[in-house]
Amino acid sequence: MSRKIRIRKGADIRLKGRPTKTVETAAPTATYAVQPPNYHGIVPKLEVKEGAAVEAGSPLFHSKETPAMKFLSPISGTVKAIVRGEKRRILAVVVESDGGNKAVALGKINVTEASADEIRGAMLSHGMFPFVEQRPFADVANPMDAPRSIHVSGFDSAPLAPDMEIVLRDRMEAFQSGIHALSALVHGDAVHVGARPEQSMFSGLDKVAVTTFEGPHPAGNVGVQIHHTLPVNKGEVVWTMHAEDVANLGETLTTGFYTTKRTVSAAGSEHPSPKYFQTNLGCELTALTAGHQGDATRFISGNPLTGTHAAADGYLGGLDHQVTLLPEGNEPKFLLTSGWLSPGLDKFSLSKSYPTWLMPKSKEFVMDTNTGGEERAFVVTGQYEPVFPFDIYPVQLIKSILANDIDAMEKLGIYEVAPEDFALCEYACTSKIDVQDIVRDGLDNLKKELG
Amino acid sequence: MKALHKMLDSIRPHFEEGGKLSRFWVVYDSLETFAFTPGHTTKSGVHIRDGVDLKRTMFMVIVALIPALLFGTWNQGHQYLLSIGEVSVADPLMMAFWDKLLIGAVKVLPLVVVSYGVGLGIEFLFAGMRGHSINEGYLVSGMLIPLIMPVDVPLWMLALAVAFAVIIAKEVFGGTGMNILNVALTARAFLFFAYPKQLSGEIWIHEVATSKAGGLLVDGYTGATALGHLASTVGKAPTEPAVAGVMDMFAAGGMFSLTNSFFGLIPGSVGETSALAILIGAALLIWTGIGSWKVMSSFLVGGLAMGAIFNAMGLNAYMTIPAIHQVVMGGFMFGMVFMATDPVSAAQTERGKWIYGFFGGFLSIMIRVFNPAYPEGVMMAILFMNVMAPLIDHYVIQANVSKREKRAEFALAKRATA
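Quick mapping for you: the protein sequence lines, in order, are chains R and U.
Be aware that the first sequence starts at 1, since it is given in the numbering used here, and climbs by one per residue.
Be aware that the second sequence starts at 1001, since it is given in the numbering used here, and climbs by one per residue.
Quick caveat, the hints were computed from the structure, so don't treat them as lab data.
Remember, it's a predicted structure, so these values are computed and weren't measured experimentally.
Glycine included, every Cβ here is placed at the ideal spot set by N, Cα and C.
Be aware that a few hints might be false.
Unchecked claim - If you only want the chain R side, here are some residues facing chain U, beta carbon under 8 angstroms, derived:
id, residue
1, P67
2, F257
3, P327
4, E328
5, N330
6, L350
7, V395
8, G413
9, D434
10, N445
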């Protein structure tokens, strides 16, 4: 028996450029990159130098805080470059593939019988722990914690997101192994999976509590699912993991080889032929974008709401399962034709001052990256709440963060949220406020304060 | 439109840092962004943004004000011609339509021009001083202010009120989005308290004093508003002839009958008289979601509730005015639709909006009846509720906070027993 929950708040942004259901194996790329900034809260310590030979599964760097937490190379080859940014911060470790598939045997684990400590240790040494995120703070989990529960979202509701049915189609066995491993780590409750009512793939699984969710985005956000099944209270720690990474975890532990498969939804109105690609962590985006060129295109590793702005010759982010190509909106828009006084027949808007809501639900829209106005003081109220399915006051929480009032943040429920949960608020904001950045700052400050 | 943009681009260097006209950057910037939504792209966070911005939002409110503005302009001419007997109530309303509109426009347009001129002037000054771009907030305030003024208010007084409201009610708090009180109502309140003599009695109909002196004034026209007349009955026995005379004006067929009050064929501030025109605006605001239907409906319910309570008490003539008649008179409707819904000064939580609106309406009628010295109870009630709004929000949020704390305690206890 699974619980059924209906999410009423939220919105599905109907973007053009959905992937067709075909899955293509992406051509292997010349280089692959592991990018430390993808793993929030991690300070990397390099274990390799430029020019070093590595195999798939060789450590590239580890977490300064937890040296046992290894970040492994997804392929075999040589370390081509260590890309650094400001203050010598490491942005990427680029490995040039040698075309071979030499891999380090990391050791198999019997996921149904191993103890929590064995699994924890294996996840750290087998490079799988960086894919575990925690609430509160929405960053890489602390392996020393005993999570109250672990949550996996079984579907992605973000615009143009991959369909988990396709992603996990042939990997349910690995997924089950991953669940077994995770369930050993739970202290108190269980592993929870959130699914759509029509998804039957999770129903026969062992050691998992399935909850079904109806409703628009962000129903697929794991934070929303946690909030509606077992909300995070102060003092509790909850872990989350992407469903595909759960399958990778299962496969890694049962085979003993580092597995970081990515079934990527390559989508967006600028994508020449939107479809799914089977590839590996950190591949070059060119393999997924069919060599699409042009300055007028925004390359996003991830979805259009939470993804990272990538270069056309950039890499797939470590926690991303989607690549989105959108037109850049850097042309000024004349007020009557496409600006603020335009009829806006081609605009998707959550505001009823545009006619989107009169159009058929099947109509899909091309959206560019224009901000559609300038940043302003916060004026319009009641705009975040309809797209924020939490029993939390979003505006007041954001204000408490801006005031850096830790006490108020705690009281208003910051433990339960991640920046991605505010993505639709940010989308809808008339005043163009960078809501996700504010929430991220709040979480970072909270963590610093709590030590 | 490329040509226009090229032209703007070509004069841009003059306004930029180091250019000859750099101190007018704000002016250039606001004009450019008025004509062209800038080609700014998203930097962090979401990559796509909704097309709606503050300009469009504020513009929708202006559009919603147009029926009240047009009707009010016509009505000021209508009232003037009625007061000097050029037309009579028996004549068709369309008679002398253009004359009425013209007379009204000659009075109303200067009010609008002065309001925008002074208000925007101050806004530009502050934006220039603070180095930020113009917020669109005043576009709406600037239209609201003339609509809640008596038609014959001296322009210098209006200018003073606008300056006071923009500087004291808004800019000292940090500008648009930061104010505690509704800016337009602050302008009205300023005049009400600073120039009580000029703002009562004979300025509600154009030139009423002059007409009276010239012997042109038709009997029964004193230039007082419906609420002014009603206020004069308070403290007198309902049987007094003066009171009965006033009450006759509110009966069917009287000057302030329910129909006249609803359609707005009565003297009053420029934009407030016609409930019908205001409700057309309200429909647009609710339809686009820009005005809170929660505030409007609870405000109306609050007003009707207080009116009904007074009807039940019936202690004086004023209290016997039916609740439905009460809410279509004076500034009630205008305040309900355009003032109480100001998102910055209203309650910001959805639950708080119900409470805020209800008490706004409730107090409007209460103040109006209990204190005849303040016939415009709506203004006082909304300003009072503006001050109370943060308190309402505080309690609404506190309820949410304690719910969360209870849940945490429960979870803690459960873990302890497990």
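Outcome of the hint check:
1. This hint is violated: P67 (chain R) has a C-beta 31 angstroms from the nearest C-beta of chain U, more than the 8 angstroms allowed.
2. With a cut of 8 angstroms, the hint placing F257 (chain R) at the interface with chain U is violated, because the nearest CB-to-CB distance is about 35 angstroms.
3. Interface restraint check: P327 (chain R) against chain U, minimum CB-CB distance 10 angstroms, threshold 8 angstroms, status violated.
4. Hint status for E328 (chain R) relative to chain U: holds, with the closest Cβ pair at about 6 angstroms, below 8 angstroms.
5. At about 4 angstroms, the closest approach between the beta carbon of N330 (chain R) and any beta carbon in chain U falls short of 8 angstroms, and the interface hint on this residue holds.
6. With a least beta-carbon distance of about 6 angstroms to chain U, the hint placing L350 (chain R) at the interface is held under the 8 angstroms criterion.
7. Because the closest C-beta pair between V395 (chain R) and chain U is about 6 angstroms apart, less than 8 angstroms, the hint holds.
8. Of the supplied interface hints, the one on G413 (chain R) holds, with its beta-carbon coming within about 6 angstroms of a beta-carbon of chain U, less than 8 angstroms.
9. The interface hint given for D434 (chain R) holds, since its Cβ lies 5 angstroms from the closest Cβ of chain U, which is under the 8 angstroms cut-off.
10. Contact between N445 (chain R) and chain U, as hinted, is not supported at the beta carbon level, the nearest pair being about 17 angstroms apart and thus beyond 8 angstroms.
In summary, the structure is inconsistent with hints 1, 2, 3, 10 from the numbered list given earlier, while agreeing with the others.
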